[in-house]
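Build the full structure now, drawing on both the sequences and the hints.
Here is how the chains run, residue by residue.
There are 2 protein chains.
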Amino acid sequence: MQPGEIQPGSTVELDRCDPNDTSGFTRPERDAQLELQRLRGKLQRLQELLYAGHQHRVLIVLQGMDTSGKDGTIRRVFEGVNPQSVRVARFGPPTVPELDHDFLWRIHPQVPAKGEIVIFNRSHYEDVLIARVRKLVPKETLHHRYREINGFERMLVEEGTSILKFYLHIDFREQGRRLRARLDDPSKHWKFSVSDLIDRSLWTKYIKAYNEALERTSTEWAPWIVVPANHKWYRDLTVLRSIVGTLTRFRMQFPPLAPEARTFLRGRPWGKGKLPSPVD
Amino acid sequence: MQPGEIQPGSTVELDRCDPNDTSGFTRPERDAQLELQRLRGKLQRLQELLYAGHQHRVLIVLQGMDTSGKDGTIRRVFEGVNPQSVRVARFGPPTVPELDHDFLWRIHPQVPAKGEIVIFNRSHYEDVLIARVRKLVPKETLHHRYREINGFERMLVEEGTSILKFYLHIDFREQGRRLRARLDDPSKHWKFSVSDLIDRSLWTKYIKAYNEALERTSTEWAPWIVVPANHKWYRDLTVLRSIVGTLTRFRMQFPPLAPEARTFLRGRPWGKGKLPSPVD
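Protein sequence lines correspond, in order, to chains S and V. Take the first sequence: its position 50, counting from 1, is numbered 49 in numbering that gives the first Met the number 0, and each next residue is one higher. Take the second sequence: its position 90, counting from 1, is numbered 89 in numbering that gives the first Met the number 0, and each next residue is one higher.
Honestly, the hints are just simulated from the structure, not real lab data.
Estimated spans, in silico, between C-beta atoms of each pair: (1) S/Arg265 to V/Gly8: 44 to 54 Å; (2) S/His142 to V/Trp220: 46 to 56 Å; (3) V/Pro92 to S/Ser9: 48 to 58 Å; (4) S/Gln36 to V/Lys134: 44 to 54 Å; (5) S/Asp184 to V/Leu33: 26 to 36 Å; (6) S/Gln6 to V/Arg248: 46 to 56 Å; (7) S/Asp184 to V/Glu139: 50 to 60 Å; (8) S/Arg265 to V/Asp101: 37 to 47 Å.
In the SDA-like style, the derived pairs of lysine to any residue whose C-alpha atoms are separated by at most 20 Å in a straight line are: (9) S/Lys113 to S/Arg44; (10) V/Lys231 to S/Gly79; (11) V/Lys187 to S/Leu256; (12) S/Lys113 to V/Ser186; (13) S/Lys187 to V/Leu45; (14) V/Lys187 to S/Glu259; (15) V/Lys190 to S/Ala51; (16) S/Lys190 to V/Lys113; (17) V/Lys113 to V/Trp220; (18) S/Lys190 to V/Ala257; (19) S/Lys41 to V/Gly79; (20) S/Lys231 to S/Gly79; (21) S/Lys190 to V/Asn81; (22) S/Lys113 to V/Trp189; (23) V/Lys41 to S/Arg74; (24) S/Lys190 to V/Thr262; (25) S/Lys187 to V/Tyr50; (26) S/Lys187 to V/Lys41; (27) S/Lys187 to V/Thr262; (28) V/Lys190 to S/Glu259; (29) V/Lys187 to S/Pro255; (30) S/Lys113 to S/Asn81; (31) V/Lys190 to S/Tyr50; (32) V/Lys113 to S/Thr94; (33) S/Lys113 to V/Lys187.
Idealized CB from N, CA, C, for every residue including glycine.
What follows is the structure, given as structure tokens:
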């Protein structure tokens, strides 16, 4: 199975997808760093246009096993971007009031507004992943949820949101290396929790859950993108490229003066460079 | 009147405070850029500690006339900071449901959580500024509101939030230059609105409103800081220094392994470098 965008209807077998893939980069250290720099600059300019234009909404969904690099991707891809129109929504274990509602109830208020990029660090997909692995809901519910997720995302897209869904793909050995690194480095101890080890012991079940979820929710309007993530630089580059590509296709321009501003300025002295003086 | 922190109980006369002040920088272009770089690096490290430690909450309030540089400060001070724990809350004209509540109702849900820095781009202070200038409420209401603001902020501080309130100080001529620059540059037309000109004509009234508000709400727990802002580099530097100073005084450390993680790892083979294998 090739990494990249999953065609709707195709079979997903993550075990047969290479998490070490770094297609097209033979001198990663140099080429990749330069390319990352260039793309980050581009993202900054595009994001200013997005904010100014106040037309498009962008939703980025990040999923992946523990240590797959969701936090790192957010930091590395969005460093330098104006925090005023980028927002991160984290979805941890649901609270009691959240559990008292449908699973999309806590998700919907967090979707992006016009001009905004919102990054979901985990998402509604946990409700078909951990919910399946830990048997929190009957199997039938899962099948409803795939359909409900597709419907919800379709609505968002039809109403003007662009959705980019990234699965950060690492393998079992790489997760072991990263967990060990967390234990070896006191400045990373705060990231370590027992539940990471429990989830690690359920790796095979999680892969099965991801295979099914990615298969059932890769749609024409919101396909999943499988990102080889054993190499952090390649992961960052792939995600950044995809976001920059999407924003570029919007063909955005800075909006002109508002009509009422034009009318207001026309014929007045400060229309030609002078501005009104203070009254009082 | 000197720029900087306003001592509680002292008189505020913004007209007598120099917006061109750049104390201590004789070679601004070079020294200031280096210092900005250094402080941004420091902010990034402190913010990681803040996020990891999950103890302190930081609220930054930005106020100032149109074009005083609220947006620019946010972009320049927080570029490079992890968007995961920095959030910007903008407060525009209140909506109908917001007007149907007390003026702090829309503010309270936006205050920072533990580990978070939240920047208020405009704030509850609009309700004693524009509300006063445009006579939206009777004078008596203003006097209640100063007290209510002080009480609200005191509660936040007593419950563990640090509040930094910056007034970005430009003068009337500088605003004229900046508005004209917006009209001259098509890529900045989207920032221009007729209401900027109306507010400009009310400059003197706004200064009076700010004088009173800053005087009445500079408290021991949350003093205002007047930032000379005619020079953008000096404005950025002053704000950045103040934030870095506050975070430094927290004396934060990376938290150790959670007690349950330590217990769990003790005596188990993966405590010594091995991790559990997948089941199934």
